[in-house]
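The lines below spell out each chain.
Number of protein chains: 2
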Amino acid sequence: MASHAQVSVTAVSKVIRNAYGVSPAMRDRVKTAIEELGYRPQAVARGMRGRTFTIGLMLPHIRNPFFADILDGLTEQLAGTDYRAFMIQGGATRKVERLAVDALIDRQVDGIIMVAPLASKARLEEVAQEKPTVVLARHERSSFYDSVYDDDEAGAELVVKHLIELGHRRIAHITHQDDSQAQPADLLHNIRAATYERVMREHGLADEIAVATSFYHEKGGYEGARELLDRDPRPTAIFAGADQAAFGALAAVYEAGLRVPADVSVAGYDNTHLAALPNITLTSVDQEGSVMGGAAGKLLLERIEGRTSAVRFSVTPSLVVRGSTAPPAS
Amino acid sequence: MASHAQVSVTAVSKVIRNAYGVSPAMRDRVKTAIEELGYRPQAVARGMRGRTFTIGLMLPHIRNPFFADILDGLTEQLAGTDYRAFMIQGGATRKVERLAVDALIDRQVDGIIMVAPLASKARLEEVAQEKPTVVLARHERSSFYDSVYDDDEAGAELVVKHLIELGHRRIAHITHQDDSQAQPADLLHNIRAATYERVMREHGLADEIAVATSFYHEKGGYEGARELLDRDPRPTAIFAGADQAAFGALAAVYEAGLRVPADVSVAGYDNTHLAALPNITLTSVDQEGSVMGGAAGKLLLERIEGRTSAVRFSVTPSLVVRGSTAPPAS
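In order, the protein sequences belong to chains A and B. Residue 317 in the UniProt record's numbering sits at position 317 of the first sequence, with consecutive numbering throughout. Residue 241 in the UniProt record's numbering sits at position 241 of the second sequence, with consecutive numbering throughout.
To be clear, the hints were calculated from the coordinates, so they are not data collected in a lab. Predicted model only: the values in this text are computed from it and were never measured. The reader is advised that the hints may include incorrect statements.
Said to hold, decoys possible - Straight-line alpha carbon distances no greater than 20 Å define the calculated DMTMM-like cross-link-like pairs of lysine to aspartate or glutamate that follow: (1) K95(B) <-> E76(A); (2) K219(A) <-> D72(B); (3) K131(A) <-> E305(A).
Required output: the full structure, derived from the provided sequences and hints.
The structure is reproduced here in structure tokens:
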């Protein structure tokens with residue numbers, strides 16, 4: 001190996017260990033030689049010397065296209081490094097979420113990035129005291145981990161104001177519920193719902209507030225919209241707290257024989273790539289999942305390198321207006 | 001620990017190592033005590049004694065809802081064991097696909113399950129000689145790894161015959177291309193495309209064969225359908241080789257001012273959960289991703305336990321007829 005690269009064994013060793021004292025040119029030469037020879041140091045063996053170069057990413061599931069954006073951003077951020085992201089699936093209960101994070105710790109990952117909507121803040125801090133940790137999509141302040149989240153209040157305000165400006169008054173909302181041990185005010189779905197109610201009240205529409213409590217997935221949105229459409233008078237606009245729920249809401253509107261947006265406007269949140277399809281054309285809030293994934297990766301590497309102060313990275317969302325929202329029928 | 005469970009240290013050790021000679025009742029008692037104490041053996045430390053209890057799953061990306069079905073089936077299969085599935089993202093080039101699998105091997109996973117459409121058979125066998133391996137969604141015969149795949153010929157035949165029976169003659173197909181080093185005949189998209197052409201010929205429709213070569217994702221289906229709809233006369237039915245491409249094809253049909261199915265029937269493949277939404281209602285082929293994921297997990301554990309003979313597990317698909325297909329306008 002060292003003879004192939006025509007460099008010293010010490011230099012090769014330094015490059016492999018990512019140590020200081022190697023010039024960029026030498027590093028490139030050694031890395032090229034390593035690649036040509038198909039040589040791969042055993043990550044776990046390196047782990048016994050300190051690092052596994054493994055980033056553990058916990059996601060509740062992989063059905064939300066928004067998570068794919070996060071993973072892509074993270075993968076791109078890590079591309080120039082020796083680190084690799086490994087995803088483990090959490091799930092719909094606190095127990096499986098906890099076991100998934102435990103499994104990451106057991107595998108001696110160097111750090112953890114997690115979308116963990118169900119855990120208590122105390123649990124997040126417990127994890128963060130074992131491993132460098134970045135928490136995605138939650139709003140708590142903690143001095144033990146970094147946070148990357150969307151400004152959900154700003155995003156929800158954009159949607160509700162957009163619908164009010166179009167002339168809607170009977171604007172309904174579909175929210176999410178789960179068995180989280182977090183403080184309700186720290187969870188994105190509660191922030192979006194509370195903002196909806198606040199903006200409605202601020203515009204004299206307190207009496208029009210109508211919330212269906214369901215789930216942020218297609219079936220949840222479908223059932224939530226059915227409940228809302230059954231009301232008399234029915235809403236002229238539905239703000240679903242997530243695109244996945246909005247897709248289900250669209251289905252319910254069509255199934256009821258109503259048109260979008262002529263009879264009912266529908267808006268979502270996440271601006272997943274399906275929202276742009278011409279047969280869906282969903283007005284939605286863009287929170288730049290790939291930017292969030294990239295930021296999470298960058299912050300985690302900083303923590304692994306030794307930073308201990310907590311950083312909060314907030315993405316400012318924007319509204320993408322498409323064909324699913326229009327003024328109400330007069 | 002042992003005193004808490006009121007069992008011998010030897011029994012605890014045996015349970016942790018999954019050794020034989022422990023009664024089910026004793027195993028339950030020990031496991032309960034382990035859980036109550038919050039005790040977790042370090043998976044990597046166990047790894048130094050032979051196993052890491054880690055299954056590496058390589059997926060090209062997580063945007064296809066069909067992959068979510070596979071992961072759910074695998075997760076369920078592993079639920080009663082000490083094994084956990086870790087997903088690593090491959091990508092759109094042979095190089096990143098290769099690096100992703102290398103990263104799994106480096107982390108000393110106990111076995112690998114992979115959706116690796118780009119690798120050569122020789123490469124798959126190289127991996128299989130390093131780690132117990134199950135290959136998903138490819139059709140090669142190998143004595144080194146297990147294969148779990150859908151009977152793509154049967155599935156494609158179901159779709160094309162369905163459209164012919166409805167009375168369609170100008171049936172077009174959207175297929176996929178990539179820079180795979182596999183033998184073309186072993187790749188699912190080529191099998192689906194070849195079957196389309198065979199069934200068309202068998203029904204005297206050789207002159208009506210029209211194939212758009214694009215990609216199995218929304219944008220690919222959109223562009224493929226635009227190309228097909230530009231032909232004169234245009235097709236009355238489009239069989240997209242994957243649901244994701246079919247979603248894009250639906251978008252192109254609507255954008256062209258045409259109706260589904262009155263002007264153009266559209267069918268897909270994978271029966272992803274979005275296909276069932278009332279505003280999509282896509283006729284599609286169900287290949288039971290969760291069954292495939294579960295089978296892959298079961299076969300891999302058998303290999304880890306020592307089986308060396310190769311097993312091929314083929315899922316027989318079924319057609320789910322929905323509102324996107326109907327007889328052509330007369």
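How the hints compare with the structure:
1. K95(B) <-> E76(A): At roughly 15 Å apart (the allowed maximum being 20 Å), E76(A) and K95(B) satisfy the hint.
2. K219(A) <-> D72(B): holds, 17 Å
3. K131(A) <-> E305(A): Given that 20 Å is the threshold and the Cα spacing comes to 12 Å, the pair holds.
Of the hints listed earlier, there is not a single one the structure fails to meet.
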